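Undergrad: Residues per chain are reported as follows:
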Amino acid sequence: MENYVFHWNVVFKAFPQLLGGAFTTLHVSVLSMLVGIAIAVLLALGKMSHSKILVMASSSWIEIARNTPALFQIYMAYFGLGAFGINLSPYFAVFSALVFVNAGYLAETFRGGFQSIPKTQYSAAKSLGMTTFQVYRYVILPQMFRRIYHPMTNQFVWSILMSSLGILVGMNELSGETQRLQSVSFRTLEFFIVAAVMYFVITKFVLLTSSLIAKRIFKGDIA
Amino acid sequence: MIQIRGVHKSFGDLEVLKGIDLDVEKGEVVSVIGGSGSGKSTLLYCINAIEPINGGEIIVDDINVHKKNTDQNKLREKLGMVFQQWNSFPHLTVLENAALAPQVVRGLSKKDAFEIAMKELEHVGLGDKFDEYPTRMSGGQQQRLAIARALAMEPSYMLFDEVTSALDPELVGEVLDTLRLLRDDGMTMICVTHEIAFAKEVSDKVAFFHEGLIEEIGSPNEVLENPKKERTQQFLSKVLH
Ligand SMILES: Nc1ncnc2c1ncn2[C@@H]1O[C@H](COP(=O)(O)OP(=O)(O)OP(=O)(O)O)[C@@H](O)[C@H]1O
Ligand SMILES: [Mg+2]
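In order, the protein sequences belong to chains C and V. Those letters in the first sequence? Residues -18 to 204, by the numbering used here. Those letters in the second sequence? Residues 4 to 244, by the numbering used here.
Each hint should be verified, as a subset may be incorrect.
Stated by the list, open to error - Keeping only pairs whose Cα atoms sit at most 27 Å apart, straight-line, the calculated DSS-like set for lysine-lysine is:
id: 1; chain 1: V; residue 1: LYS29; chain 2: V; residue 2: LYS81
id: 2; chain 1: V; residue 1: LYS114; chain 2: C; residue 2: LYS200
id: 3; chain 1: C; residue 1: LYS196; chain 2: V; residue 2: LYS132
id: 4; chain 1: C; residue 1: LYS100; chain 2: V; residue 2: LYS81
id: 5; chain 1: V; residue 1: LYS132; chain 2: C; residue 2: LYS200
id: 6; chain 1: C; residue 1: LYS100; chain 2: V; residue 2: LYS71
As the list claims (entries may be wrong) - Stretch-level coverage of chain C by chain V, calculated; a stretch enters the list once three of its residues show a Cβ under 8 Å from a Cβ in chain V:
id: 7; region: 101 to 111
id: 8; region: 120 to 128
Derived from the structure by calculation, the hints contain no laboratory data. Fair warning: this is a prediction, and the values are worked out from it, not measured in the lab. By construction, the Cβ of each residue, glycine as well, lies at the ideal position given by its N, Cα and C atoms.
Work out the full structure: start from the sequences and follow the hints.
TA: Here it is, written out as structure tokens:
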């Protein structure tokens, strides 16, 4: 190891492929967030509903998503469903697993955000003559959005990092691409160092952008 | 005027109002006093239809509050309400807090809504706080904001539910001063309060609530100085020191 010689040239030549991998990483993370958010809203509403069946169904989803490793979920989607003859592409398997987990975590975030708004905000707004829709539109949801904003950003960063598990099912996102490139060039360390830097840059960029946006849109001083 | 006729209200098995009759004339100030749990807040919530009732009726001007096809949002535009907890909207500035309902409920332009909001904020002494966020203000200031926010809807009646009891003692005065100001403007008000001296000073009528019924009602002089009922006497001797 002490006489390992770094060869960066190969890596730079393969940079376009790495960028392509990074693009796929972003692609799957963004999509799995968007779909995850939509399902999370339904799960949160289901868990807060009065229907036993909806509460059960939503809670099961949330509990399983939050208490099992993402790796298992990807394996389930890819190999598990494969055993039943349902063959998902590596991309779709990773996408589905990320949606599953994102929805589970975000549902709890949404529910917590909603329940953290005091009921008295509702009566105060109602007493001003607002319709229920107006109360939510102008009073409840804007406050709730502030509280779920940072957890949502964190979930997005988590999705970016977890999509690297795509490497295990042969998906060509950043990690998969890195794996493939190093295995043909044997510049293992170089490729993984560059990939790590790329992950770091992407997630830092997401976090910084998110906090810049937060500064612009959240003027009051509640967290 | 507000006419309350034989109002009954239960939460599950618990009957909280057991037949309340009360008239509030235009321009009158009625104070409601009574022990904890006697149903004072509940009555206010029933007047502006935040809570449904189980019997009797409440008529505000000519609106029968709890009738099936009554537009309760329309009704609430006539009735301003201020709560013990001031409930400022923390994501909005002071000015936006007061202008929100005029804009979205009354449908005023932003300019007109802001104008009314500014006028009411100045009236309660918050003329220098338009762009402040409420969470940076004292409880007394936030409570005055809540009053201005309600006034910006230009209501015919104001309902106050112990608006000073969550305040630090040194902030009570500024809020009571604001209520005096409203009384001098001729606002019709129902004030649930624990401030007996204040009730004595501003009220035309005082109603003493006990276990969901009005035990005694009359002028401040009658109810607070010379109460006839033993329960009123007991209550007053308890709260007066
Ligand atoms: N939403 C509710 N659900 C169930 N019970 C309630 C509800 N609101 C009030 N109550 C009960 O109704 C009774 C009357 O409450 P209310 O708040 O009207 O009393 P109050 O006279 O305003 O008392 P306080 O001086 O403590 O404010 C109490 O026993 C209270 O616990
Ligand atoms: Mg009360």
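Undergrad: If you test the structure against every hint from before, which numbers come out violated?
TA: Per hint list: zero violations.
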